[in-house]
Amino acid sequence: MSPALRPFARLLALRFGTLSTRIAVLYAGLFALVLGGVVSLAAEGLSRFGEASAARDLEANARVFDEILDARARQMGDQADVLGHDFGFREAVATGDAPTIASALTSLEERVRSDMAFVLTLEGEVLAADARGVPAPETLWARLDAGDTRGIIASETGVLALAAAAPIEAPDLIGWLVIAQPLDRAELDRLVELAPIALEAQVAEGGTQPGWLRNAGANAVFERDIEGERYLYHVFDLPVLQDGIAPRLVLRHGLAASLATYASLKWWLTALAAGGIVLVLGLSWKVARSVTEPLQQLDEAARLIGEGREVSLAVETGDEIGRLAESFNQMVAAIEERERQIIHVGLHDGLTGLPNRKLFTEQLANVLSRRRAGEQVLVAYIDLDDFKMVNDTLGHPAGDALLRMVADHLKKEQPDALIARLGGDEFAVLIDGIDEKASLGNIADRLQACFNRPLTINGQAASSSASIGIALAPGDGEDGITLMKNADLALYRAKREGKANYHFFEPALDEAARQRRQLELDLRTTIRDGGFVLNFQPLYSLAEKRLTGFEALIRWNHPVRGRVGPAEFIPLAEETGLIVPIGEWVLREACHQASGWPANVSVAVNVSPRQFAATGIASTVLSALSASGLAPHRLELEITESIFIADVEQTLATLHSLRNLGVKIALDDFGTGYSSLSYLRSFPFDKVKIDKSFVEDLGTSGNGHAVIRAITTLAAALGMETLAEGVEDIAQFEVLEREGCQNIQGYLFSRPVPAEAVADLLRDVSGYQRQLRA
Amino acid sequence: MRRAFVFALFVTFAAASFVWAAGGVPAIAAAATPAALRIQVVDGDGLPVRDAVVELRSARSPAGPIRFPWKMGMAQRNLQFTPGTLIVARGSTVAFPNLDNVRHSIYSFSKPARFEIELYGRDQTRTHTFAVVGSVKLGCNIHDQMRGYIRVTDTPFAGKTDHNGYITLSGMANGAARLTVWHPNLRTPGNETASSITVTGEAQNHKLKVAMR
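Residue numbers (the working numbering), protein chains in the order written: chain P, 1204 to 1977; chain D, 2 to 214.
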């Protein structure tokens, strides 16, 4: 940026508190700048014009004045001529008749209003009535002799005078008649009055003038300041009739008077400009205000919105500002709507539209804080029974539809309750304002009743039964977190107790939960430090009449609680996933033990669904086999039908990969649960283990052996061995043998024994035989 | 003899000028002393000055009346004095014939001869006798431009220069002499200037430079 522009940039960079002030000041500044330029240009132009015209006037007047002077001299010359040609006068001069000359000259002076008249003879003699003041003849002679007739002369005393001369001829030139009129103040003033403009005239001998005037060029107008006043000067070199003098006519004209009219014009211009600037300042401030005021309102509104307050701008005009206010209002409305949606989404479940856990928790806290004495607040956790089955068998869309139906139904049946979906197939219900004496059982029953109706999804009937856990404030907890935890515990219990029922929270549940947590900790410790042992229960082959294998069964010697049964800790291990490391240990240990047995004795190991589903079951088996050196065909993995509940294809793939290792695979607990013949068809199990419930039935019902026969027949048809569990007496044994069951397991032969006892049992095969035949 | 000389002189100048206008050459002792003084009068620029009166005076002046070989008359013709410059000896009477159709007057304010002749008509003549040596300027009172000059002299060695500013004087005695030049426009007091010269008797050429107005 050029240095000249820098101040302007600084002005632009100035910070003003308000936009309107800045706009107004900048506009006014710009206007002032332009106007200032225009005014100063105009003023300068006016000055120049005034000065130029004054100079022109002076020049013209100087010419006029010159003419006036010349005319005056000519007039004097004419008058001198008249006398100079008078015969008598000539005679007087020629004959030196002094008295006549003097009288003639006196008469001439009076006639022509001249102060001085004299005759200069060719010989250089002066003849006059009064020779005082007449210049020295020798200074005049040359000019007169050269023919000059008009010019300035200086008297003896230095007074400058306008002179005219006329030759006197008799008949030859004998002298000159000279008349003169002093150019004194009065005379000059009289002459000046003839000029059209105000002039001051002065005739001065060049030598007596100040230097600046002396050096000034003749016949030119120039300006000079005298004591603060401006003057225009014009200088003439006057013609002279005398040698040795250089008189100059100085004409002076005061500029102030000439410029006065222009000066007032300049003031008017300046006043006009100042008025314009004030006007622009005011107008631009007003315009700026009309823009910035709505801006301020917007600013204020935006601030209020930021604080979360409701704001609406008044739309006053139809222009851009009005449209801006309108858009702003629309934006605010849109933001509020979106905010509401976001909050709704954040606090509601997308599938069912019910409040989610967060909102439920908040509402519960609200309700609890508002709870009055003598009132109870009920929190119920609801979990659909076997929802996973629906999802797996009918597909997720069907599952979602089921959830929506349940939600709608709940809302319809419990209009006063707050119903929330906590996730998955879990719902929560909040009912407040329950009187102390109200029947809680009725309330629970009504809740339960909501789920006791069949639903049809995609044309298929589906069960919608649910388990319900209920906790009540203030009895089961004063705060929401406790209540919800307790309701969850109650739900857990309800599930454990066979589903499709409700359970109220009891403090014992809390104790049970605490014990469960302790047991889980102990399990982890045991997995890390050891403490599990394997017992083995023999499997007897009716065909071979010998023990063909043992089923490995885990036992836990708890350091505090002593021996803990698998029924106590295996479900917990399943839930927590600890079954995977435990199962792995069992596999390795079983293989290790079996490797010490005779080659025709195999070992059977239970594989839990969780363990089966975990990745790497095949590699775990392979690793156990290779670590123990046991032949694969001597390892028999027992799985339950429940492994098929998960992904069937994945299950089959895993089964085949295990089969490829060479291990045997048995289907455990056959006949219970969701027994499906399709499982048998889909995979060629090596063995089917008939559940002990069927074996128990053999003693009580008459048709028990029909079932046994059906199973054995089916298995035989599919090329699978059969094994009956839980055989306790000889009657059961005989039926099983008669119906074609190929293997027997149970107390009839032996309880599970420690690993050390296995060898003894094998040696005592004959003892078994004896026992059976006995 | 003298008449013959004058005649011869007339013949000589006839072609060039009118009989009244021709400048004269002194006849005195023209044959006795062949030596002559030839003078040329020039102005400041070296141009010849015509009708300048040149007079030579020596210590020994010849005795006897002075006679000039031209007519002692100043005519007025065509509103001019003719000849414009006339040299006359002291005591001569000069006639002023009016040859014009208009009337003329004659005045002179000159010291040697101050006189005034009233208007007179055609074919009239007036005379005036000039008794004092000097120059007399004649004017006509009603015709300002008319100028006539009469030089009254007391030396026979006088004459006026011709077109080329020449004048030849002869017959003077040898020795120192004063040479006077007069012309109405001569820029000196009395319109005359004087200088010394030595007449050698030989043929002499002398150039005089004068300041003219």
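What the hints contain is simulated information worked out from the structure, not anything from laboratory work.
The model shown is predicted, which means the values in this text are computed figures rather than measured ones.
Possibly wrong hints are sitting among the right ones.
[Unchecked claim] Far from chain D, some chain P residues (derived; all Cβ distances over 10 Å):
1. H1288
2. F1290
3. A1297
4. A1373
5. P1374
6. I1400
7. K1469
8. A1536
9. A1641
10. E1777
11. T1779
[Stated by the list, open to error] Okay, derived cross-link-like pairs now, EDC-like style, lysine to aspartate or glutamate, Cα gap no bigger than 16 Å in a straight line:
12. K1688/P - E1714/P
13. K1688/P - E1709/P
14. K1867/P - E1841/P
15. K112/D - E1841/P
16. K1702/P - D1588/P
17. K112/D - E1294/P
18. K112/D - E1326/P
19. K1867/P - E1777/P
20. K112/D - D1588/P
21. K1591/P - D1628/P
22. K1698/P - E1681/P
23. K1698/P - D1588/P
Glycine included, each C-beta is placed from N, C-alpha and C at the ideal position.
Here is what the structure says about each hint:
1. The beta carbon of H1288/P sits about 8 Å from the closest Cβ of chain D, which is not more than 10 Å, so the claim that it is off the interface is violated.
2. Once the 10 Å rule is applied to beta carbons, F1290/P is inconsistent with being away from chain D; the minimum gap is 6 Å.
3. Not every beta carbon of chain D lies more than 10 Å from that of A1297/P, the smallest distance being close to 3 Å; the non-interface claim is violated.
4. Not every beta carbon of chain D lies more than 10 Å from that of A1373/P, the smallest distance being close to 5 Å; the non-interface claim is violated.
5. Non-interface status of P1374/P relative to chain D is broken: a Cβ of that chain comes within 10 Å, the nearest being about 3 Å off.
6. The Cβ of I1400/P sits about 45 Å from the closest Cβ of chain D, beyond the 10 Å cut-off, so the non-interface label holds.
7. The beta carbon of K1469/P is kept farther than 10 Å from every beta carbon of chain D, the shortest such distance being approximately 64 Å.
8. Under the 10 Å C-beta cut-off, the non-interface status given to A1536/P relative to chain D holds; the minimum distance is some 121 Å.
9. Annotated as non-interface, A1641/P keeps its C-beta farther than 10 Å from every C-beta of chain D; the closest such distance is 163 Å.
10. No beta-carbon of chain D comes within 10 Å of the beta-carbon of E1777/P; the shortest separation is about 159 Å.
11. With a cut of 10 Å on Cβ distances, T1779/P stays outside the contact zone with chain D, its closest approach being about 154 Å.
12. Only pairs whose Cα atoms come within 16 Å are accepted, and K1688/P paired with E1714/P is accepted, the gap being roughly 13 Å.
13. Of the pairs offered as hints, the one joining K1688/P and E1709/P holds, with about 12 Å between alpha carbons and a cut-off of 16 Å not exceeded.
14. The suggested pairing of K1867/P with E1841/P holds, with an alpha-carbon distance near 9 Å, which does not exceed 16 Å.
15. For the hint pairing K112/D with E1841/P, the CA-to-CA distance comes to about 190 Å; that exceeds 16 Å, so the pair is violated.
16. Under the criterion of a C-alpha separation no larger than 16 Å, the hint pairing K1702/P with D1588/P is consistent with the structure, at around 6 Å.
17. With a C-alpha separation of about 12 Å, the suggested pairing of K112/D with E1294/P holds against the 16 Å cut-off.
18. Of the supplied pair hints, the one linking K112/D and E1326/P holds, its CA atoms being roughly 15 Å apart against a limit of 16 Å.
19. Between K1867/P and E1777/P, the direct Cα distance comes to roughly 24 Å. Violation of the 16 Å bound is thereby established for this hinted pair.
20. The suggested pairing of K112/D with D1588/P is violated, with an alpha-carbon distance near 179 Å, which exceeds 16 Å.
21. The suggested pairing of K1591/P with D1628/P holds, with an alpha-carbon distance near 9 Å, which does not exceed 16 Å.
22. As the CA atoms of K1698/P and E1681/P are separated by approximately 25 Å, the hinted pair breaks the 16 Å bound.
23. For the given pair, K1698/P sits about 8 Å from D1588/P by alpha-carbon distance, which is consistent with the 16 Å threshold.
Of the hints listed earlier, those the structure fails to meet are numbers 1, 2, 3, 4, 5, 15, 19, 20, 22, in rising order.
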